[in-house]
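Asker: Here is what each chain is made of, one letter per residue.
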Amino acid sequence: QKEVEQDPGPLSVPEGAIVSLNCTYSNSAFQYFMWYRQYSRKGPELLMYTYSSGNKEDGRFTAQVDKSSKYISLFIRDSQPSDSATYLCAMLAGGTSYGKLTFGQGTILTVHP
Amino acid sequence: EPEVTQTPSHQVTQMGQEVILRCVPISNHLYFYWYRQILGQKVEFLVSFYNNEISEKSEIFDDQFSVERPDGSNFTLKIRSTKLEDSAMYFCASMIQGGRGEKLFFGSGTQLSVL
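From first to last, the protein sequence lines stand for chains R and H.
Residues in the first sequence are numbered from 1 upward in steps of one, following our numbering.
Residues in the second sequence are numbered from 1 upward in steps of one, following our numbering.
Just chain R, with the same shape it has in the complex:
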């Protein structure tokens, strides 16, 4: 079983739609959870960071973590064409090198006008 699994999509939605992106993980040591956005030929850019179960909201983005189910989600409200990118979930285990992230496959999102 892969440590982190993410549906690669691609996902295509109309402008204004609510987007739901998901990852599951198997390693109980993961304690910190991140969502990155990656535009073509660019490095990952941090969108959301959380370390506890529950929801965290930042503007149009909501990150959700369910540690009991080993499941994390990112919701994008009122999606815009500029949100078109690859979205990567990433996780960090406690007690390890602080920047040693384990990434999901990435989900390619296209928001069309």
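Any given hint could be a false lead.
Listed next, the in silico DSS-like pairs over lysine-lysine satisfying Cα-Cα at most 30 Å (straight line) [unchecked claim]:
1. H:Lys83 - R:Lys70
2. H:Lys83 - R:Lys2
3. R:Lys100 - H:Lys57
4. R:Lys42 - H:Lys57
5. R:Lys56 - R:Lys70
Just so you know, these hints were derived from the structure itself, not from any lab.
Based on the hints, put chain H in the right spot on chain R.
Answerer: Relative to the frame of chain R, chain H by itself:
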């Protein structure tokens, strides 16, 4: 806004040649990393570097790879004898002390093509 700078953006080399990928981390950062992303695959951790030594490395980071901070501003990844399977996008990242991944900043990457 401060950023991690990587050069070159694209490097083409022949199999068996040595390559050096260069990075300038954000100036007050103390932790440095290399990741790579083979086309169509996950971003993978290669190595972390702190206080002038490797703090952790993955199984990918074998004897063909080395890292160095030759001065106060640059951080380099050297591949001694490149293989076809080394073709990938290589990302440098840096982090300030006290971060937990949320303060990790990535550069735009160097696309390495081994022919």
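Asker: Now, for every hint given, state plainly whether the structure supports it.
Answerer: Results of checking the hints against the structure:
Between H:Lys83 and R:Lys70 the CA atoms are separated by roughly 37 Å; this puts the pair beyond 30 Å, and the hint is violated. Annotation: proposed proximity of H:Lys83 to R:Lys2 holds, straight-line Cα distance about 26 Å (limit 30 Å). Of the supplied pair hints, the one linking R:Lys100 and H:Lys57 holds, its CA atoms being roughly 9 Å apart against a limit of 30 Å. At most 30 Å may separate the alpha-carbon atoms for a hinted pair to count; R:Lys42 and H:Lys57 meet this at roughly 23 Å.
Pair hint R:Lys56 plus R:Lys70 holds up; C-alpha atoms about 17 Å apart against a cutoff of 30 Å.
Violated hint for the displayed structure: number 1, the only one.
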